[in-house]
Amino acid sequence: MGVIRAAVRPFHLVNSWAHRVGHVIGVVAIALMVVAILIQVWFRYVLNNALPWPDEAARFCMLWMTGFVAPAAFRRGGFVAIDMVRLALPGRLPQLLSLVLLCFSLAVLVVALRIGWAEVTGFGGRFMTASLWVPVSVDMSEWMRVPRSWMMASLLVGIGLMVLVNIELVLRTLGALLGDEEIARAPGAEAMGGVE
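Numbers 1 to 196, taken from this note's numbering, label the letters of the sequence shown in order.
No lab work stands behind these hints: they were computed from the structure. Please note: incorrect hints may appear among the correct ones.
Label-pair distances were calculated between CB atoms; the ranges are [what the hints assert, rightly or not]:
{"#": "1", "residue 1": "81", "residue 2": "39", "range": "37 to 43 Å"}
{"#": "2", "residue 1": "81", "residue 2": "111", "range": "19 to 25 Å"}
{"#": "3", "residue 1": "121", "residue 2": "55", "range": "35 to 41 Å"}
{"#": "4", "residue 1": "55", "residue 2": "3", "range": "48 to 54 Å"}
{"#": "5", "residue 1": "5", "residue 2": "80", "range": "36 to 42 Å"}
{"#": "6", "residue 1": "27", "residue 2": "78", "range": "17 to 23 Å"}
{"#": "7", "residue 1": "35", "residue 2": "96", "range": "27 to 33 Å"}
{"#": "8", "residue 1": "84", "residue 2": "46", "range": "43 to 49 Å"}
{"#": "9", "residue 1": "51", "residue 2": "110", "range": "37 to 43 Å"}
{"#": "10", "residue 1": "25", "residue 2": "177", "range": "30 to 36 Å"}
{"#": "11", "residue 1": "34", "residue 2": "121", "range": "20 to 26 Å"}
{"#": "12", "residue 1": "182", "residue 2": "123", "range": "44 to 50 Å"}
Ideal Cβ placement from N, Cα and C applies to all residues, glycine included.
Take these sequences, add in the hints, and give me the full structure.
Structure (structure tokens):
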């Protein structure tokens, strides 16, 4: 049991820290997304002059919010259909089912990580967004279009964080299968860093 607890600890610490930081980034991204949408609504429906950039800015913020918030949701768990099946199973079968599903999801996440890397570094990542610009000089006299790879990096970051969460959950479930019920508990609010 000591080996599994020692293996869980670094993942627990990294995931807890990443979720606290991700929560802040997610809140900021949602706020910016709402502002961009409200700007677009005002210009499109009140002034009848739609701007080209708010839709793309909102999509950019939504992708980054998802990249940072999805791992926290995955770590917390609570998948109703799977939980119902687990509650119906006797003995150690619930932990065995969880371990099988987590190993399967880890394989899927590794494939998704490769796809995310290809999106950031591949052909699609070489293009620029149609209407998002950022300053590249201190005096803001020079601007450049935002590369699509910056948007697609949210996929890579989110999936990478989910892989770390998945490994932590696999180790916790393995500990439960070996009889350590305390390690198997899903990370609570204190472990999640206040992310609720």
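Status of each hint after checking the structure:
1. 81 <-> 39: 37 to 43 Å: 39 Å, holds
2. 81 <-> 111: 19 to 25 Å: 23 Å, holds
3. 121 <-> 55: 35 to 41 Å: 26 Å, violated
4. 55 <-> 3: 48 to 54 Å: 51 Å, holds
5. 5 <-> 80: 36 to 42 Å: 30 Å, violated
6. 27 <-> 78: 17 to 23 Å: Because 21 Å falls inside the window, the suggested range holds.
7. 35 <-> 96: 27 to 33 Å: 47 Å, violated
8. 84 <-> 46: 43 to 49 Å: 48 Å, holds
9. 51 <-> 110: 37 to 43 Å: 40 Å, holds
10. 25 <-> 177: 30 to 36 Å: Holds - the Cβ-Cβ distance for residue 25 and residue 177, about 35 Å, lies within 30 to 36 Å.
11. 34 <-> 121: 20 to 26 Å: The hint (20 to 26 Å, Cβ to Cβ) is violated, given that residue 34 and residue 121 are roughly 31 Å apart.
12. 182 <-> 123: 44 to 50 Å: 49 Å, holds
In terms of the numbered hints stated before, the structure departs from hints 3, 5, 7 and 11, listed from lowest to highest.
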